[in-house]
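Using the sequences and the hints given, assemble the complete structure.
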Amino acid sequence: MEVCNRKMNLWANGPSPGELYSFPGSTSCVGVGPVKTTLNPMVTGTSVLGVKFNGGVMIAADMLGSYGSLARFRSISRLMKVNDCTILGASGDYADYQYLKQVIEQMVIDEELLGDGHHYSPKAMHSWLTRVMYNRRTRMNPLWNTVVLGGFYNGESFLGYVDKLGVAYESPSIATGFGAYLAQPLMREVMETKPDLSRDEARQLIERCLKVLYYRDARSYNKFEIATVTEGGVEIEGPFSSETNWDIAHMVSGFE
Amino acid sequence: MDDLLESDWTTEEVSTGTTIIAAVFDGGVVIGSDSRVSAGQAVVNRVLNKVCRLHDKIYCSISGSAADAQAVVDIVDYQMELHGIQMGQPPLVQAAATIVKDICYKYKEELVAHLLVAGWDHKYGGQVYGTLGGMMIKQQFAVGGSGSTYIYGFADSAFKPGMTKE
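Protein chains in written order, with the numbering used here: chain A, 167 to 422; chain B, 71 to 236.
None of these hints come from the bench; they were simulated from the model. Do not take every clue at face value.
With a straight-line Cα cutoff of 25 Å, these simulated DSS-like cross-link-like pairs (lysine-lysine) come out [as the list claims (entries may be wrong)]:
#, chain 1, residue 1, chain 2, residue 2
1, A, Lys-267, A, Lys-330
2, A, Lys-389, B, Lys-230
3, B, Lys-193, B, Lys-208
4, A, Lys-330, A, Lys-247
5, A, Lys-267, B, Lys-176
6, B, Lys-208, A, Lys-247
7, A, Lys-267, B, Lys-208
8, A, Lys-330, B, Lys-176
9, B, Lys-127, B, Lys-208
10, A, Lys-389, B, Lys-208
Below, a sample of chain A positions facing chain B; criterion: calculated Cβ distance under 10 Å [to be verified]:
#, residue
11, Val-209
12, Phe-239
13, Ala-261
Short, incomplete list of chain A residues facing chain B, as computed with Cβ under 8 Å [unchecked claim]:
#, residue
14, Leu-205
15, Met-208
16, Met-229
17, Tyr-260
18, Gln-264
19, Tyr-265
20, Phe-344
The beta-carbon is built from N, C-alpha and C at its ideal position, and this holds for glycine as well.
Okay, structure coming up:
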């Protein structure tokens, strides 16, 4: 392996003609020059769930920061209040989320200082975030997060998703990470028959999904927060725990 | 044959195969660490001080690559001294932790170091901050380093908030 201390000529991090090019991301290459891109998330959060209801949006996430398979930090908040009409939850790398949180908080402060009565709408925030995430991925230095953005603006609920590739969409129910496989079908089943949930029904649905995720996601934790945004503003409640039922343990048979 | 045998540790990165721990007690913080530096399997330094001063009442304990961690400590030490003089009063532990976190986050891919920042300030008393992976998280107690895996369970069960120095 050559040690590349020379300036990259054609484009940053690109191959020089005639040279062996090793793509950033091959972790076995020690000494092929500094790698300036986020390759591996370190401390990560698992699923974030979001559901629209009649009069607002609810987002939930557990309070665990995993270090690989180690349940390292068991009291971290992955939900944040952006402003009085927007909330945000992130899964993925926690350091990147903290960075994002810092940037967004500063943006919101700067906007308050303008004093024109305008605040970032959830759609605006979502659009901005999509651009940022896409731009970072194009520079091969992503913010390794999947973000769920919820809000209530002008009488309308908003629920959006942005991930580290810049993929973005809106949906009445959203789940990231493992939740996409386990919780999303549960949420869709309820919402397809009854698209207009009440706040309590949404809460029940979320808690049911969180319980299932705790049962079946190996990187989850039984301590979570729920953030709700309505006409009246933002409320982040927590920490809560799911009531778990292990009765079926007795029914296991076959090897004693 | 001999070449194969001896080249192993000469090319290994020098790292601290470490256990570091910091805990808040009633009145301040306690920080501790081991003192071994290894390059692969060889122990190259058995008396390294892994508890480094960032300011009079703010220390950090280092783990990961010895060089990386010491480089970060050097930078933070300088910045903290400057900050303390500018503020005219002892700096907050949070300030030290933030500087460490900023460096570790910005150079996340190049550095392999985990620093536990702990200290006492007049505003918030004793505090411990973990900066794993470029995040900053305030904790009642923290463990770090490759040896810390063995004491997670013990630390979890033995720690209670509001303990005395003993």
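Please flag the earlier hints that this structure goes against, numbers listed from lowest up. Violated: hints 16, 20.
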